[in-house]
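There are 6 protein chains.
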Amino acid sequence: MYIDNITNAQRAEVLTAALPYIKKYYGKIVVVKYGGNAMINEDLKQQVMEDIVLLWLIGVKIVLVHGGGPEINDLMNKLGKKPQFVDGLRVTDKETVDIVQMVLAGKVNKTLVNLLEMKGGKAMGISGMDGCLIEAKPKNEKLGFVGEITKVNIEPVTDLLEKGYIPVISTIGCDKKGNTYNINGDTAAAYIAGAMNAEKLFMMTDIDGILRDKDDPSTIIPHLTVSEAKQLYNEGIVSGGMIPKVDCCIEAIHKGVKNVTIMDGRVPHSILMELLTDEGAGTMVVGD
Amino acid sequence: MYIDNITNAQRAEVLTAALPYIKKYYGKIVVVKYGGNAMINEDLKQQVMEDIVLLWLIGVKIVLVHGGGPEINDLMNKLGKKPQFVDGLRVTDKETVDIVQMVLAGKVNKTLVNLLEMKGGKAMGISGMDGCLIEAKPKNEKLGFVGEITKVNIEPVTDLLEKGYIPVISTIGCDKKGNTYNINGDTAAAYIAGAMNAEKLFMMTDIDGILRDKDDPSTIIPHLTVSEAKQLYNEGIVSGGMIPKVDCCIEAIHKGVKNVTIMDGRVPHSILMELLTDEGAGTMVVGD
Amino acid sequence: MYIDNITNAQRAEVLTAALPYIKKYYGKIVVVKYGGNAMINEDLKQQVMEDIVLLWLIGVKIVLVHGGGPEINDLMNKLGKKPQFVDGLRVTDKETVDIVQMVLAGKVNKTLVNLLEMKGGKAMGISGMDGCLIEAKPKNEKLGFVGEITKVNIEPVTDLLEKGYIPVISTIGCDKKGNTYNINGDTAAAYIAGAMNAEKLFMMTDIDGILRDKDDPSTIIPHLTVSEAKQLYNEGIVSGGMIPKVDCCIEAIHKGVKNVTIMDGRVPHSILMELLTDEGAGTMVVGD
Amino acid sequence: MYIDNITNAQRAEVLTAALPYIKKYYGKIVVVKYGGNAMINEDLKQQVMEDIVLLWLIGVKIVLVHGGGPEINDLMNKLGKKPQFVDGLRVTDKETVDIVQMVLAGKVNKTLVNLLEMKGGKAMGISGMDGCLIEAKPKNEKLGFVGEITKVNIEPVTDLLEKGYIPVISTIGCDKKGNTYNINGDTAAAYIAGAMNAEKLFMMTDIDGILRDKDDPSTIIPHLTVSEAKQLYNEGIVSGGMIPKVDCCIEAIHKGVKNVTIMDGRVPHSILMELLTDEGAGTMVVGD
Amino acid sequence: MYIDNITNAQRAEVLTAALPYIKKYYGKIVVVKYGGNAMINEDLKQQVMEDIVLLWLIGVKIVLVHGGGPEINDLMNKLGKKPQFVDGLRVTDKETVDIVQMVLAGKVNKTLVNLLEMKGGKAMGISGMDGCLIEAKPKNEKLGFVGEITKVNIEPVTDLLEKGYIPVISTIGCDKKGNTYNINGDTAAAYIAGAMNAEKLFMMTDIDGILRDKDDPSTIIPHLTVSEAKQLYNEGIVSGGMIPKVDCCIEAIHKGVKNVTIMDGRVPHSILMELLTDEGAGTMVVGD
Amino acid sequence: MYIDNITNAQRAEVLTAALPYIKKYYGKIVVVKYGGNAMINEDLKQQVMEDIVLLWLIGVKIVLVHGGGPEINDLMNKLGKKPQFVDGLRVTDKETVDIVQMVLAGKVNKTLVNLLEMKGGKAMGISGMDGCLIEAKPKNEKLGFVGEITKVNIEPVTDLLEKGYIPVISTIGCDKKGNTYNINGDTAAAYIAGAMNAEKLFMMTDIDGILRDKDDPSTIIPHLTVSEAKQLYNEGIVSGGMIPKVDCCIEAIHKGVKNVTIMDGRVPHSILMELLTDEGAGTMVVGD
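Residue numbers (the working numbering), protein chains in the order written: chain A, 1 to 288; chain B, 289 to 576; chain C, 577 to 864; chain D, 865 to 1152; chain E, 1153 to 1440; chain F, 1441 to 1728.
Worth double-checking, as some hints may not be accurate.
What the hints assert, rightly or not - Keeping only pairs whose Cα atoms sit at most 30 Å apart, straight-line, the calculated DSS-like set for lysine-lysine is: (1) B:K465 / A:K163; (2) E:K1289 / F:K1603; (3) B:K451 / D:K1027; (4) B:K464 / F:K1468.
Unchecked claim - Listed below are several chain A residues computed to face chain B (Cβ distance under 7 Å; list not exhaustive): (5) L79; (6) M102; (7) G106; (8) V113; (9) N114; (10) M124; (11) S127; (12) M129; (13) G131; (14) C132; (15) D159; (16) G178.
Stated by the list, open to error - Simulated restraints on C-beta separations: (17) F:N1517 / E:E1194: 29 to 35 Å; (18) B:S506 / C:T583: 15 to 21 Å; (19) A:P70 / B:N365: 22 to 28 Å; (20) C:P596 / B:L367: 40 to 46 Å; (21) B:P532 / A:N5: 56 to 62 Å; (22) B:G315 / D:N1004: 38 to 44 Å; (23) A:P244 / B:G315: 46 to 52 Å; (24) F:K1617 / E:K1176: 34 to 40 Å; (25) C:G656 / D:N1004: 31 to 37 Å; (26) A:N73 / B:E567: 51 to 57 Å; (27) A:Q84 / B:G315: 47 to 53 Å.
Hint data in this document are derived by calculation from the structure and do not stem from the laboratory. Where is the CB? At the ideal position from N, CA and C, for every residue including glycine.
Using the sequences and the hints given, assemble the complete structure.
Structure, rendered in structure tokens:
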């Protein structure tokens, strides 16, 4: 490993240098929306899990919210499911939502739990169906089981935190009629973090953050207020796929999160660096 | 419904007649191994869920352990997986154990959770991987990921009970290397019930119980001690598929369960009848 | 018993049919003012006690408030006490209030406690003197120790509930000078239920409920708001002995009870039927 | 009052002189069997109540067990009940035990509770029927409802102590068939104190203590071991009415009480003097 | 001792006479600012400690705040420190504040703790530096380390009370830069008592209380409101050294103390007499 | 600082590399005997305090035991105290022990508390007199107030840990007569760590550890069992000033400490390096 040339004395210095940051986040709630490359690349995945367990050990109340990455597509392909679209959006029929449920709550969720346990953490994996965590309704009848969140019952998450677990959450929703819904992961993370008045929400992406010139990483905007973010829509700087991402940040702030960071999940240990050093990564959005 | 002709006065009588049974199980741990027809037939499934929620409401600490029923086979078929056997036992390769994990922890588990919530319960679905509940090792190297339980960490289950949830458990196991194992559901239920010193373990089956003459339901043996059960092996009365089932009962008693009932899951509300009336169902096994 | 012809399967159906009602009252406070025929008729008494214990077992926080029935008169007769009246009201001298205290707190209270224990409950009997539960002053100097409630200290009742007992309360009051007062049972029940913001108060009587035509049980009014009840005074439908009874209902609502039911104690298991089935009994009064 | 000539400075000295005694009994369980003259004489009664409340306030866990004094006889006389005897013992028929229950649990108990409350204490009065505190069976079939204790369920008493009350206990017993029994007060106190491993049991009597020469108070024996006490039976020094009293002391020690004092209830504030000064009163019995 | 001629019966009377006062202060917070003669005279010191332990034993939550008496001067003299003054106030250089810290937190504090332990109490000695109890800044740059309180963090005191200790507090302050400050003891006591909403603050002094004619003890003013106290400034009755003392009383009332007594520490057991008898000592100041 | 050339990515790696060590000591009790150069050199002092606060933040239950370093001598010199010796040991008269008390409990203790608070910790400083933590008797009458520990009452330390403080302990002792004793710091640390069954005791010294050749640091013995340590006495490898130090290690192990490390306090961050990296420092002694 490339830290082999660091002496133990230097290691100790590094650890004590983290003191004020550890103190700052001790006992605070931090929600991580995990996805993208950091979920596919095996090294990055291992590092994210290490970061989560470290934060858990030093007293941060960490919650991991995950989407499904490409594994849903994989299983759909294997099962020969052909995508159908209405108004440009994918139709999620019963069979598809079953696949989503199996991949998210069965495969991805449990694999993450197992990784966290192997790193020394104590994790429990749940979905939006457990304890009716995420209640939903159809977003649009034509789209089938694509869900819009109607209510978040945060008790299952706080119960697990009280018992000392790292809650790992699959973003599927349920309703009182027994239906399951596919829920957008970023939105779910924003709702959950908001309901818990989280100190911080990390939105892991595969971009550097918000760039003033999207082709020049040096133009990254490190810090934004909600008002400034809205202004960026008008200026066309936030556009395309960034719009729903930034919408989620703003929604999270409105629902009670202290600050949200759109973070580059491709950078090793980006969570730790953001929380425990003076070098922020990506773009942080805060209230006005 | 066929109780329409029962007056409310009679209903009240029935309720108060259940008093001594309610009192007996109040605050006690009861583990239900759910499977077979009761998991396939929609009416039976609804009734089992009603029974579980009722018991939970009247103060029984109920734990639901489930297998996967035919849904694992369904998905394997759809994915074109061909069964392979070694010494007459199915080889479970990595792909197969992934399917098992997805179906059990993703599909069946969450569907049961949702049903319990719809009936008015508060449920949380976990697997043997959450909080390292079930640790396992390969039973036989040739069989791949067929697991033998090495350790049960019961804390996740007791944590959920303390927080007021009905724990719903998928019987997959894990090890410290990140492997997942397919675990026999009856065995897992016996280990879990034993680790909790459960008052009672229900083994739901599609048979009447243990019959002295397997073709004559009237020869059912309602009550057996462990010694008597062992004697039945010698007499050939317990044979074939019944052997592992009765083995599990004996194992559960040895591990600390007060009594185990092999119960006919095809009978509506068989759990309630066994617990709350004077009419036992199936065969009860107790220590000597 | 007349439920002998009900099968165990039907019993199970009846039990699960009670599920939504059990859920509704789980953890809620229900106060029962017990009196009249249901206190004299041995069968009815047994059934009321069974109902109370059942409700207690399924998690209702039940409080039993009782008067003295005819036993006070019995002892007075035996002791040769002659009734005296002022303005048509019975004068309660020191000797009489001692008799009331002995019969209520000594005889009736302890006998009810014992019955509840025999049915499987855990009960503790107290009076308005214990923990200064009911403080009173003379209602009218000429009447002696007939008391008017000045204060209810509800702590003794909540202490017993917290410790898991069914509180059984004799309605006698005390003051800071060491006097004991005879307190009207209905009024005491209304004050106690109000102080606890009870979910429900049952007023057990020997009538069907409030009838529009007092000679025709089919004219029963099943549901009344406080305003509607007041209107019935004007219409003369609530009159005579019903006036103080309905006054108590209204008082209870004003003091914080969610709803009050004037219930026919002559009907077997009337409490259970009201709480656990869809068939209400008597007349329910609620706030506007 | 005869302490009018004591200055406040002296009062303060007296209070601080009690310091080591207060410290010794802080948080300890002390059971007082209250009876005899101290229950009849109004001044003595007031002083006992003051002593109890003072001990309660300074952190002693005090439990008051009372008999009925002459009030049972009073009511029996008024009701024209004639005593019947078998083998020299009073026959207690159903009517008599009802009278006992009414006088003890209804009259004496509540009056003591009220006195304690007036002195500033927080008291709750229960009987051996509440929470099945005292279970009993007939001592001798010919005697009717004279009870022999079969079991003491101490939970109701500890529950009240935990909630901060002074438990006041009437010594009547119950069985599972609904019968009530008249229980000897000294025996009940010994059983209750034993079940709680009380630090001290006071047996209040109308004698000086155990005298070597029963006509000479100066021959009082201040301190006895159980063995020495048994020796006194042989010597005839413990005889007649003293025998059951001393039996109770020995029984209490055997059941777990640290020490028992046979105390002269005719001496004002005898409890306080025994506990808070260096002047013991009566005869103290301890284990060998 | 001069109470030798008091009988044990009289002692018991005295103890029970204290009942209403004990009841009044049970569980209440009482802060004692200890200083003056009562700290120098060995007999008085012993008596104050006895009073404190007695109050602690009878359930008062007592907090002892102390200054340093003449011991600071002693050590300064021994070390040859010469006093310097600016504007008539003593300059406290680094060396002096070190001496103050050593004498207060090292000598006086621990000696008091030891005395309380010897009397049977359970005490823990802390200073304004522990848990940042007293944060301060320089009162006047020219005076060096004479501190003005900027913040009181009362948590260390409540933590010790919860754990059952008598907190003994040295009045030195700290800041975030590592400086120590000499804090006026009366002011610190007023701030601490205020932050705890104490029931009572005792200001121990070497005067009788506030006298209308300072040469005539019989003109003591036993009771004052804050407004009346302020009026006394104008009348010149509060003047000289009394001004800061009375300022502290008023400050304490404003910060939330129920009442403050300026008490004559030269009178033996003055605290007990004030709290547990009907004879108030000194001058009590209350809100308007 | 010499870690300026370490990137944040490397910092993150270093932090996660500490994961297994953090996990190992989470919730465990670690006692640090602080003294020697690490107490005099300002940089080392700051680093030790940082290490302590870091360990506290990551969930170690850390206890700091300190001696007085050269500050006691300083004050003695200033006060003109001349050392006296008996049998080669320093006589500690009343005046000397007062100086020790003032310097340890007043100066050193509070200064350490303040440093810990400034680094972000929550600390409370106590001495062996608080809560009678260290009871002692004279070691040798001729030596005056040099104390030998007779009893350790660990409750004050566990109370502070439960309330979340870092206990900082001055090693002075007390007896029931009000005497103060000067206690050897190493011995006190061994007793305290033993009474708490600490996971680890650090003995900070100014040597490398135990060297096989005292002039050659490369001959350090990194790991010793108690038996091996005793053998080193015989071999003369442990000799002179090392004897009492090693005696303390052995005593600590006997009293219940899991392991003791004689550590070189002159190495920066030696505590962190020992606990959180794979590079042990000094000599570790464990049970056989």
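**Study point:** Verdict for N73 of chain A, E567 of chain B (Cβ pair) under range 51 to 57 Å
**Key:** Check passed, 53 Å falls within 51 to 57 Å.
Exercise for review: Note whether the CB distance of P596 of chain C and L367 of chain B lies within 40 to 46 Å or breaks it.
Suggested key: Given range 40 to 46 Å: holds, Cβ gap about 41 Å.
Check your understanding: If you take the shortest Cβ to Cβ gap from M129 of chain A to chain B, is it below 7 Å?
Key -> holds, 5 Å
**Study point:** Hinted pair K451 of chain B and K1027 of chain D, Cα distance within 30 Å
**Key:** Cα-Cα ~25 Å, so holds.
**Study point:** Satisfaction of the M124 of chain A interface hint, Cβ to chain B closer than 7 Å
**Key:** holds, 5 Å
Point to revise | 30 Å limit on alpha-carbon distance, applied to hinted pair K1289 of chain E and K1603 of chain F | key: holds, 28 Å
Check your understanding: Can L79 of chain A be said to touch chain B, with a Cβ gap under 7 Å?
Key -> At 6 Å from the nearest chain B Cβ, L79 of chain A passes the 7 Å test, so the hint holds.
Check your understanding: Is the hinted pair K465 of chain B and K163 of chain A satisfied, with a Cα-Cα distance of at most 30 Å?
Key -> Distance of about 25 Å is within 30 Å: holds.
**Study point:** V113 of chain A as an interface hint toward chain B, with CB separation required under 7 Å
**Key:** holds, 5 Å
Practice item. Under 7 Å, Cβ to Cβ, is where G106 of chain A needs to be relative to chain B, so tell me if that hint holds or is violated. Key: OK, holds: G106 of chain A within 7 Å of chain B, min 2 Å.
Check your understanding: Do the numbers back the hint for G131 of chain A, that is, is its least Cβ distance to chain B under 7 Å?
Key -> holds, 6 Å
Point to revise | Interface hint compliance - G178 of chain A to chain B, C-beta minimum distance less than 7 Å | key: holds, 6 Å
The structure shown violates none of the earlier numbered hints.
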